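Required output: the full structure, derived from the provided sequences and hints.
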Amino acid sequence: MANEVLKVEHLDKYYQKKHVLHDINFTISKGEVITLLGPSGSGKSTLIRCLNGLEDFRNGEITFEGKKVIPNEKNWQQLRQKIGMVFQSYDLFPNLTVLENILLGPTKVQKRNVDEVKQEVDKLLQKVDLLDYKDAYPRQLSGGQKQRIAIIRALALHPEFMLFDEVTASLDPEMVRGVLNIIQDLADEDNMTMIIVTHEMNFAQQIADRVLFLKDGNILEDTSGKEFFKNPKTDQAQEFLQSMNF
Amino acid sequence: MAHSGINVLFEGTNLTRLLLGMWTTFKIAAVAIIIGLIIGIILGILRTFHNPILRFVLRIYLEFFRIVPTVVLLFLFYYILPRQMNLHMPGTQVAMLVFSLWVAAEMSDIVRGALISVPIHQKESGLAIGLNKFQLYRYVLVPQAVQLELPATINLITRVIKTTSLLMLISVMDVVNIGQQIVEANNQKYPTGVFWIYGLIFLLYFLIDYPLSWWAGRLEKKRLEQTNGE
Ligand SMILES: Nc1ncnc2c1ncn2[C@@H]1O[C@H](COP(=O)(O)OP(=O)(O)OP(=O)(O)O)[C@@H](O)[C@H]1O
Ligand SMILES: [Mg+2]
Chain A
1 MANEVLKVEH LDKYYQKKHV LHDINFTISK GEVITLLGPS GSGKSTLIRC LNGLEDFRNG
61 EITFEGKKVI PNEKNWQQLR QKIGMVFQSY DLFPNLTVLE NILLGPTKVQ KRNVDEVKQE
121 VDKLLQKVDL LDYKDAYPRQ LSGGQKQRIA IIRALALHPE FMLFDEVTAS LDPEMVRGVL
181 NIIQDLADED NMTMIIVTHE MNFAQQIADR VLFLKDGNIL EDTSGKEFFK NPKTDQAQEF
241 LQSMNF
Chain B
1 MAHSGINVLF EGTNLTRLLL GMWTTFKIAA VAIIIGLIIG IILGILRTFH NPILRFVLRI
61 YLEFFRIVPT VVLLFLFYYI LPRQMNLHMP GTQVAMLVFS LWVAAEMSDI VRGALISVPI
121 HQKESGLAIG LNKFQLYRYV LVPQAVQLEL PATINLITRV IKTTSLLMLI SVMDVVNIGQ
181 QIVEANNQKY PTGVFWIYGL IFLLYFLIDY PLSWWAGRLE KKRLEQTNGE
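If you're matching them up, the sequences are chains A and B in order. Counting in my numbering, the first sequence runs without a single skipped number right up to 246 at its last residue. Counting in my numbering, the second sequence runs without a single skipped number right up to 230 at its last residue.
Relax, there's no trap hidden among the hints.
30 angstroms max Cα-Cα, derived DSSO-like pairs, lysine-lysine:
#1 K123(B) <-> K68(A)
#2 K17(A) <-> K133(B)
#3 K133(B) <-> K74(A)
#4 K17(A) <-> K123(B)
#5 K67(A) <-> K123(B)
#6 K82(A) <-> K134(A)
#7 K17(A) <-> K74(A)
#8 K17(A) <-> K215(A)
#9 K30(A) <-> K233(A)
Quick caveat, the hints were computed from the structure, so don't treat them as lab data. All values reported here derive from a predicted model rather than from experimental measurement.
Structure representation (structure tokens):
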């Protein structure tokens, strides 16, 4: 496939003796949005952390934009500029202002021109209504604001591909929408390739081109979003959707 | 009583000599603190790396300077090592050397402790935006560690200043040594002089150390307030 962004083949992950991911295989094409669903402990976080080198894996291969990834720190460091990731915990750097947080990657890692990046960041901040907080420190922001900044920090690197790990899970309910809207816009306006772990089922259904359903480290279903929510094939997936009141 | 004890301070050049002694003390402490902190920060960072040999060697270094009493270290470097290695250093320089090495050892532990208590998420989100190891330490981990460790560092500094009172043992003309000489020379004329001399020394040490320890306390309090507010 010409516009394949990422291909995972036969990936196995162990924590010491514990086998947490079993023979994972899937591909994601340009512009595609995958939601990765599954019960707690099924290995969702572990899987997406493998995709940007935060976890090492035992067997298997990852191919990014047609090139096989040789998993060493140096290669991952290069790739992480193209593979953005946002986590559940708000992890802006508390010692830096909002603007400094966002500029760090583009200016220090990518060595881009500071003024140019600043202009671009202003636009991004404007879009999510946070331009006034440019010089604030993270502790002065609400959870939802922090999470929006974390997304912008990742986007400022111009990634080809974004990973989201339950980015709304620790937010107060009224903050959730704002963060999800940004992700939705990324899909609609920027045609961003994404893998999203979420327990917001409505959102998942709305945004997913495809669903990967993970249970005990196995991909039990790899199907279109429509299909998964209408006709889940496996009992485990049906059970899961029921448990989410869906 | 013909002579009030306090006059011992103003007899001849006594006061100037005491203040000069304090200056020597201060100089040694300052040099040791600056050099020690710089080396200590570097060693502390190295101690968070996963290289087992490096960690082991640095650990031994820390334990050595922590377990061996400072007096023994001073003797060792002033009397014993020079004789073995045939190199002579004046007491002031020995003091600066010993104190620097000691501060570096203690500081390495403080820095290491602070670095490993920066939450793992911070490290991961640094990596996730493509920072390399050096950039991660430079922009994320070290600045946060410094904030965590500042009170402990200031406390270390006050301990260094206090411990300089041992310097007379290797014949450094520090404030305590000079004070002792003045007391002995004036014992006949001012029997109560000892109280005034040591009283002044106490005051000088207090004036340097108290603001530092007050500052450390305040920072600690502020940090607690801030983390509670998170
Ligand atoms: N650092 C670790 N060391 C050992 N085991 C781990 C570690 N991290 C995760 N695990 C285990 O690996 C399995 C998968 O965990 P993972 O966090 O990937 O699940 P998850 O699907 O993201 O769950 P949740 O929905 O609760 O976030 C679990 O059994 C978990 O206990
Ligand atoms: Mg998880």
